[in-house]
Amino acid sequence: MRRAARRLLRNKLALSAVVMLLAIFATAIGANLIAPYDPTEGDITDRLLPPGRHPDQPQWRLLGTDQVGRDVLSRLIHGARVSLLVGVAGTAMSLLIGTALGLISGFRGGLIDRALLRLTDIQLAFPFIALAVTVISVIGPGLLNVILVLAATGWVLYTRVVREEVLRAREHSYVEAARAMGGTDVHIMLWHILPNVIAPVIVISSFAIAQMIITEASLSFLGLGIRPPTPTWGGMLSDARNYMQVAWWLPTFPGLALLVTLLGINIVGDWLRDTLDPTVGEAG
Amino acid sequence: MLRLLAQRIFHLVIVVLGVYTALFLLLRLTGDPALLYVSEDAGPAQIQRVREQLGLADPLPVQYVRFLGRALVGDFGLSLRYNQPALPLVLAAVPATLELTAAALFLSAVVGIPVGILSATRRNSLVDRVSLVASLIGQCVPTFWLGIILILFLALDFRMLPPSGRGTLAHLVMPSLTLGAYSTARVARLTRSSVLEVLSQDFVRTARAKGLAQHVVILRHVLKNAALPIVTILGLSVSTLLGGAVITETIFDWPGVGRLMVQAVFVRDYPIVQGTAFLIATMVTIVTFVTDALYGWLDPRITHA
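Same order as they appear, the protein sequences are chains A and B. Be aware that the first sequence starts at 49, since it is given in my numbering, and climbs by one per residue. Be aware that the second sequence starts at 19, since it is given in my numbering, and climbs by one per residue.
Hints are not guaranteed to be accurate.
[Stated by the list, open to error] Restraint-style ranges between C-beta atoms, simulated for each label pair:
| id | chain 1 | residue 1 | chain 2 | residue 2 | range |
| --- | --- | --- | --- | --- | --- |
| 1 | B | Ser211 | A | Gly188 | 35 to 45 Å |
| 2 | B | Glu215 | A | Tyr291 | 40 to 50 Å |
| 3 | A | Arg275 | B | Gln219 | 29 to 39 Å |
| 4 | A | Gly271 | B | Pro273 | 40 to 50 Å |
| 5 | B | Leu144 | A | Gly188 | 22 to 32 Å |
[To be verified] Which bits of chain A does chain B cover? Going by a derived footprint, with three or more residues having C-beta under 8 Å, they are:
| id | segment |
| --- | --- |
| 6 | 112-126 |
| 7 | 162-169 |
| 8 | 261-268 |
| 9 | 286-293 |
[To be verified] To give a feel for the contact side, a few chain B residues facing chain A, derived at Cβ under 8 Å:
| id | residue |
| --- | --- |
| 10 | Leu41 |
| 11 | Leu53 |
| 12 | Val264 |
Calculated from the structure, these hints are not laboratory results. Every residue, glycine too, gets a C-beta built ideally from N, C-alpha and C.
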């Protein structure tokens, strides 16, 4: 841990990405305190104000206002909440599901193992976003549904990695020794397998958060994700399409917010992969 | 090879079966599909009649078997929106999607591979740094945002390209750029790292030592050995591209499978949703098969026993 921290200090790019992500997180958590205006309330007479100081406005319109007079900056700040919540909650859920299934698959083997492996094949064969759209078509949009869909589509990689690790660990003599000494499956999982899967799981999770954020934004953009009036970056971009010729700031800033967040996560993910686990390939 | 083909077809059946079973269960668990076929003010008697007509009154297992049987012969039912069989509607949209996906894949290959090779052979040069930053950004930029920005600049401001629709080559430029950006970046990054890996091996040093020119070393010795991961990533890209097509086609109003799917979702036109899901799964499976077949050709050590 300390070694990782020291390496982070030496890698300026990764360090600045971490700082930026922490700033985005802090903004999302303190959204109510930081946002200058209410993100969902707007006055139609204030519509499409360009970024800047307007004498008749109580505060700066740093990033302008949208088509119904809502403050773009405030909506961006609140939108960060949704993006991060979806990314973190979706990843956490798929991590739990995936790890549990991987452990079961690796330990039990046999029919369960083969069935689960086939299931991961099925999911990997189907494009992530198309799967999400298909499921949303049936269960309907909304915050909880989006998180559930992401969790249900994201567990596959965890299951694969954990299963492989279990199979490998079972060959090791120290695990046999632990078993000979009367260690139960649970004991072996906790003490001998989990420590080995932590590194690849962290690496997968970092990229998974980015993928879930972009999937949520894509779904919201298509109108199949999180419904208005909740501000989301994808939803803001979708609204912006009709006004982009008269208001350049509407399509620009939500996209930049997404780009910066995803860049930060990917840089940290690349760094984590190089530092923790060089075995997870480019595709991981 | 035949064995591989059989195996892939078996996988396709499993994949499609899985997607179908999930759709079937979700549809039946979340409400009564009969309600989709009647007007909103229909009485209980009318709803019951529709249920019987559609066979929704039968026990669930019976419905499931019938549902699968029909799907097997390509009968996804009547589209609720167009009141026509769903499969022909979906098939009509396939050429547009193939055209877009092929263009994006072509872009990824002709831009991504040379850039990756150049990066690797001139490691740490300016070219390498610029392409690393560009490919990092290319991997992170959201598809739909890129599409919007391109439309704003190239179509609306400068009026160089048509903002939407399909037809001429000019129509294809922005959608394929948008769709291909991510996979181009990924191909460039992967090509760079695989070429670097091959460059560090002994036989490359030998080839150089015997006086071969740089381009001969790269073309004849390095690329042949770096080809396998590149082909893999190109194969995987097709699945990503077909997924991305869902979004890209919607932005550019490109009349393909993806746009059809999203439109169908909005009006809860499930026969179309099922048909598009089936086709996407089929296309991915075919590509996986081709990729696997290419493996054996590129690297004779791999046999499909």
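Hint check results:
no. : hint                            : verdict
1   : B:Ser211 x A:Gly188: 35 to 45 Å : 42 Å, holds
2   : B:Glu215 x A:Tyr291: 40 to 50 Å : 49 Å, holds
3   : A:Arg275 x B:Gln219: 29 to 39 Å : 55 Å, violated
4   : A:Gly271 x B:Pro273: 40 to 50 Å : 19 Å, violated
5   : B:Leu144 x A:Gly188: 22 to 32 Å : 51 Å, violated
6   : 112-126                         : violated (count 0)
7   : 162-169                         : holds (count 3)
8   : 261-268                         : holds (count 3)
9   : 286-293                         : holds (count 4)
10  : Leu41                           : 7 Å, holds
11  : Leu53                           : 14 Å, violated
12  : Val264                          : 6 Å, holds
Against the hints set out earlier in the document, violations occur for numbers 3, 4, 5, 6 and 11.
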